[in-house]
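A.B. asks: One letter stands for each residue in the lines below.
There are 4 protein chains.
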Amino acid sequence: MPFRISRLGYVEVKVLDLDDALDFYTNVLGLHLVERVGNKAYLKTWDEQLAYSVILTESDSAGLVRAGFRTVDPEDVDYFEKKLKQYEVPYEVIPEDYKRGKAIRFTIPSGHTFEIYYDIEIPGNFLPKESPDPWPRNLKYDAINPPKIDHMLITAPDPTKTIKFCEEVLEFRATEYIVNGEGQPVAAWLYQARQQPHDLAIIPGREKGLHHFAFHISSAQDIYHAADIMVMNDVKIDWGPGRHGITRGAGIYFFDPFGNRIETFGGYTAYLFDPGAKPIIWTEETMGRGVFYYERKLVETFLTVYT
Amino acid sequence: MPFRISRLGYVEVKVLDLDDALDFYTNVLGLHLVERVGNKAYLKTWDEQLAYSVILTESDSAGLVRAGFRTVDPEDVDYFEKKLKQYEVPYEVIPEDYKRGKAIRFTIPSGHTFEIYYDIEIPGNFLPKESPDPWPRNLKYDAINPPKIDHMLITAPDPTKTIKFCEEVLEFRATEYIVNGEGQPVAAWLYQARQQPHDLAIIPGREKGLHHFAFHISSAQDIYHAADIMVMNDVKIDWGPGRHGITRGAGIYFFDPFGNRIETFGGYTAYLFDPGAKPIIWTEETMGRGVFYYERKLVETFLTVYT
Amino acid sequence: MPFRISRLGYVEVKVLDLDDALDFYTNVLGLHLVERVGNKAYLKTWDEQLAYSVILTESDSAGLVRAGFRTVDPEDVDYFEKKLKQYEVPYEVIPEDYKRGKAIRFTIPSGHTFEIYYDIEIPGNFLPKESPDPWPRNLKYDAINPPKIDHMLITAPDPTKTIKFCEEVLEFRATEYIVNGEGQPVAAWLYQARQQPHDLAIIPGREKGLHHFAFHISSAQDIYHAADIMVMNDVKIDWGPGRHGITRGAGIYFFDPFGNRIETFGGYTAYLFDPGAKPIIWTEETMGRGVFYYERKLVETFLTVYT
Amino acid sequence: MPFRISRLGYVEVKVLDLDDALDFYTNVLGLHLVERVGNKAYLKTWDEQLAYSVILTESDSAGLVRAGFRTVDPEDVDYFEKKLKQYEVPYEVIPEDYKRGKAIRFTIPSGHTFEIYYDIEIPGNFLPKESPDPWPRNLKYDAINPPKIDHMLITAPDPTKTIKFCEEVLEFRATEYIVNGEGQPVAAWLYQARQQPHDLAIIPGREKGLHHFAFHISSAQDIYHAADIMVMNDVKIDWGPGRHGITRGAGIYFFDPFGNRIETFGGYTAYLFDPGAKPIIWTEETMGRGVFYYERKLVETFLTVYT
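Protein chains in written order, with numbering that gives the first Met the number 0: chain W, 0 to 306; chain A, 0 to 306; chain F, 0 to 306; chain C, 0 to 306.
This is chain W alone, in the form it adopts within the complex (with noise of 0.2 Å):
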């Protein structure tokens, strides 16, 4: 089977405050606001072509609401809408949503939910379309400014469900699984066209659990910049700067003022992954050192501490 998704195009995660989340998204992050639309904001990364890729909603809680995955093309929305009727999934038809056409709307079995979509405006990024400089110039150099959102990790309370599900419905590939004693995969980095680390992982958790959503980082001193900004905005850092040793990342982990965590995550190393090659094995031994590479251990908070 040839990619028909793209990456992950979108999160909608909820906020407690939709004034004070702007404030962070906005200034210390620096997504750059579309539009607020009654109790939802919609955002965008400076270097995203697509209309949005984060939506805030308020609500009385932290958390997912759903995920868009885009696809390649417009047919490969029927494509996966005739694989789920195949796999007796129950799905919705959405037939619009803010500056977007038609997705398939569905639960996977972890709780989630997911979209499926390919019409969406495409306003372009930042820059020109003729003769663009490589950056725009009017960023705040006092703000984190990721080019582009990359993946995200969530927790299913049966994984191996779960991810064989993401693989055989939706067409994911792995890159990397920790498997238990069994040679069971119950953590999974899974990925699509790009044949990057991962779009989406899943781990071990309560339903519906978003671990993080992360955004790309290009280099190590980029990482540095991003975590003095943290500090200078009372920003909560969980781990980092780090290194994952599954996904070979850096990055750091911090929340959002309600507890939704985020990483920036720094690709300089990740590496792309060939069709048919066998996926990377950690194991519960050495889990640990995959996820932190430098402590060598599970950070308290990893599989603890979640929205």
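In short, the hints are calculated from the structure, not lab data.
Mixed in with the good hints, there may be bad ones.
Same chains, same label: a pair holds when it works inside one copy or across any pair of copies.
[Said to hold, decoys possible] Mimicking BS3-like on lysine-lysine, the simulated pairs with C-alpha atoms at most 30 Å apart in a straight line are: (1) K147 to K101; (2) K128 to K235; (3) K82 to K160; (4) K139 to K128.
Here the structure of chain W is known, so what remains is to put chains A, F and C in place on it, guided by the hints.
C.D. replies: Chains A, F and C only, in chain W's frame:
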């Protein structure tokens, strides 16, 4: 149409002396010799999962023999076989080659030999498949050591036609074009599944011309380190350390001992492109800055020196 | 003799239009205007603790007016006053200048006006003096923002004589020399207390010539960022991003709007030199690689274009 | 008073097993063995010009034996001899030591043995003295390879007294203080000629305590690379990759196999300090952020674990 081509898989390049070539490609560039077979040598970068990505062939001139693009899945080879038939493009089926299975081989309008294949041995990169460290410990400090092959730039007497062929028949998509006064693309940067700035680029020039092939380098510091190594080894630098406006990539153009141009292409500010987004346009007036962002004009050798 | 000079404290440079100059020096280079007084403007970098480090003076030609070297302690000014007397070098005592106390002013053999001073207002850098963050938050993203002035390269009709003067009278010490066939230094890189590659360098050329003055930049990534900013502002780049063999420094030569050459000098691989260590020697054969390590020869403008 | 001390020249550190120590210091840290003499080994970094900068001595406990500060000129040793006399500080004259001439040896109030010397063999760094490349080609890829020793942090039962001694008798100057409620310095970062954030720092603790000694690392990427190497060699990381608020330095604390703490100190955002500028002040409330900028509090081991 979904993505059926994963990436540029290998290039076969002619060298005048295989011993000298191996000295350069292994000791300076830091590729690893897989095997020398007759007048050919098969090499790969340390993070290459597939059997090889560079083939050197002793010959009486420099230049490109062929380029191989690997598909996402086995059946994608059949798909392109049908497509070539449909477009009445002559092709050969090559049942097998060194550590590789079936490929279809054909000539594109610019005269270059392309192969499309899926089946190749996948011995993995230079790290263990279980609980690996992020990089192999035995790399040479004074070699460039790029992790992977990245892209190829070729010349075409009728670039508009060659671009159209690559887009229609091979299903490349464009990130950027240089257009002439009539708005026709005379140069193109074309991507496949990875959605990176390019897997293949085409500029005007003579048929079968190899402008350069490129390896990924991840940071500005690594680019400087690579340039240092070039001087220490009397490698001729053609351009750089510099930056392209087109692709935003930072890098260096340099020559192997036989005049084949190679690039270390630093993706640290390069982008990911979204299917459906309009290609970036450069004109004949702005293309100088597009190709060489800091010089803001074409370096003399750019259009005149290649193999 | 101990170290009595701390570093290059300020340069006064002529510009043809002070308004245009301030636009360039503040918006592109990212210096901060301390005050404009008549036809002069006093500026400083964000991490400068002293009152100012650059003085721009509106004039009908470009070039250097004077350079000030700050001593380690007040009595060191008297020490050099005695030394000048002893060597029968004419000097003036300048009792005060803008935000500065006493200086001694004299002409070195190459015709340049030097000042030695200690007493200057020390308002501190742009961070609080108590519990500061590592950098100020209100910097412009699209300015170069060097933290501090670094060194100055001047030309001398009789460089051997000027070098000897600076060593004997001003107690500079050499890190590196270019020597002629007779082994005489015809160019020198000279340091003071910081023991960095240079505070002052001297090459052959016309009297009073200012080859360039330089600001520190800390990483290869920052050098690339600086080069990007130069293109975005139509700043003429003379050379770079590149590296010097001499000093090992990485950097860029560029021109202010009036032809004064400036360098962003990236010390990331520069060294600290030990008193008593023999200077590094370059010859007329190797000096091309010494000055421009990647080009391995003098760029044409190096010996011909300066103010 | 001018600068009469150039920098921290060497530290002598106790190790429990010299073979194991040499394996760590040469293969992991990347120092070079100058010579092993009896129960001592003399080592240096690749860019060290002097004969050695680290002495390892086999002993039955870890910790500091002595630290040597090198003067700017020979007569500065006599100067400090007189000064010690004047302050009635007992001292020994050590006429010679390994590859070194005369030193004066004395005990500072915190019980540490200091030496002041000028005369030491200067074989130069690992590059030729004529027309050198910027770095030596034969470094190990998987060693940390710092270019030079940087500073030392020691503990004192009466830090205020020890700080005062270092300032008055040894003519160190302060860049930063932590002050107690009465405004008295209880910790200090002290510099000499280089005007860098510190050559010596003093914090409260037991007498003769060695908190850490540090080597310079130039970029955020190099810090990450160093941390990778520590994991690959099962080196215990105490803290980092992180950043200090005090000194602004980025770095890693880690332990040699015997518990001596070492730092790779990344000066990429560190500053140069101007004589006469007021030291930066931190209070007992802000010192947590001062020492560990990202954690914003003292890591538990900081005050309790040292040799």
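A.B. asks: Confirm or reject each hint.
C.D. replies: Evaluated hints:
{"no.": "1", "hint": "K147 to K101", "in the structure": "within (23 Å within a copy, 38 Å between copies)"}
{"no.": "2", "hint": "K128 to K235", "in the structure": "between (37 Å within a copy, 25 Å between copies)"}
{"no.": "3", "hint": "K82 to K160", "in the structure": "within (17 Å within a copy, 38 Å between copies)"}
{"no.": "4", "hint": "K139 to K128", "in the structure": "both (22 Å within a copy, 24 Å between copies)"}
Violated hints for the displayed structure: none, as all numbered hints are satisfied.
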